[in-house]
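Numbering (our numbering), first residue to last: 171 to 305.
Hints are computed from structural coordinates only; laboratory data are not their basis.
Be a bit skeptical, because a hint or two may be false.
Computed beta-carbon distance windows for the label pairs [as the list claims (entries may be wrong)]:
1. GLU246 - ARG279: 12 to 20 Å
2. ASN241 - GLY263: 31 to 39 Å
3. SER192 - VAL288: 34 to 42 Å
4. LYS187 - THR258: 21 to 29 Å
Under the rule of at most 16 Å between Cα atoms (straight-line distance), these lysine to aspartate or glutamate pairs were calculated in the EDC-like manner [as the list claims (entries may be wrong)]:
5. LYS187 - GLU220
6. LYS272 - ASP299
7. LYS219 - GLU285
8. LYS272 - GLU285
9. LYS219 - GLU261
10. LYS221 - ASP260
11. LYS221 - GLU285
Small disclaimer: the values here were computed from a predicted structure and weren't measured.
Every residue, glycine too, gets a C-beta built ideally from N, C-alpha and C.
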Amino acid sequence: QTIYIADASNHRIVEWKWGATSGQVVAGGTGQGNGTHQLSDPLDVIVDKEKDSLIICDYSNRRVVRWPRRNGTSGETIISNINCAGLTMDENGSLYVVDYGKHEVRRYRRGESQEIVVAGGNGSGNRLDQLSYPR
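Make the full structure from the sequences, and use the hints.
Following this line, the structure appears as structure tokens:
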């Protein structure tokens, strides 16, 4: 059993294997920055088993990054200009991303270029069609 941890203030993703006494850096860890080999305040990470990669909310760089799980030294930006605060993937491979700044959740379907707002999207507030700084 392996878990992946978004170690935000250390600007890295750490892999921690069951029974281990320490983790291993698998993404970032080269100092805070916006290079393809760097992260800046990553807030969430999930595993995309189909593509054998990690998908990372790189919050302060305002992007979502795909990083190879095996021997990855840099990531590829798959979504730009987003205040990503959380993400998940469903069984069909659709990616759901929380945009903290726009108070919404968006769905990105695999193979499609256009995303759709699936929750919020009506500004910050407490109405049932609104969210306020979601995570």
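Against the structure, the hints:
GLU246 and ARG279 have their C-beta atoms about 18 Å apart, which keeps the hinted 12 to 20 Å range intact. Judged by the Cβ atoms, the range 31 to 39 Å given for ASN241 and GLY263 is violated: they are separated by roughly 23 Å. Checked against the hint of 34 to 42 Å, the C-beta distance between SER192 and VAL288 comes to roughly 38 Å, which is consistent with it. Separated by about 23 Å at the C-beta atoms, LYS187 and THR258 satisfy the suggested range of 21 to 29 Å.
Using a Cα cut-off of 16 Å, the hinted pair LYS187 and GLU220 is violated, with the two alpha carbons roughly 20 Å apart. The hinted pair formed by LYS272 and ASP299 meets the criterion: a straight-line CA distance of about 13 Å does not exceed 16 Å. A hinted pair counts as satisfied when its Cα atoms are at most 16 Å apart, and LYS219 with GLU285 does not qualify at roughly 21 Å. Between LYS272 and GLU285 the CA atoms are separated by roughly 14 Å; this keeps the pair inside 16 Å, and the hint holds.
With a CA separation close to 11 Å, the supplied pair LYS219 and GLU261 stays within the 16 Å bound. A distance of roughly 14 Å separates the Cα atoms of LYS221 and ASP260; the hinted pair therefore holds under the 16 Å criterion. Under the criterion of a C-alpha separation no larger than 16 Å, the hint pairing LYS221 with GLU285 is inconsistent with the structure, at around 20 Å.
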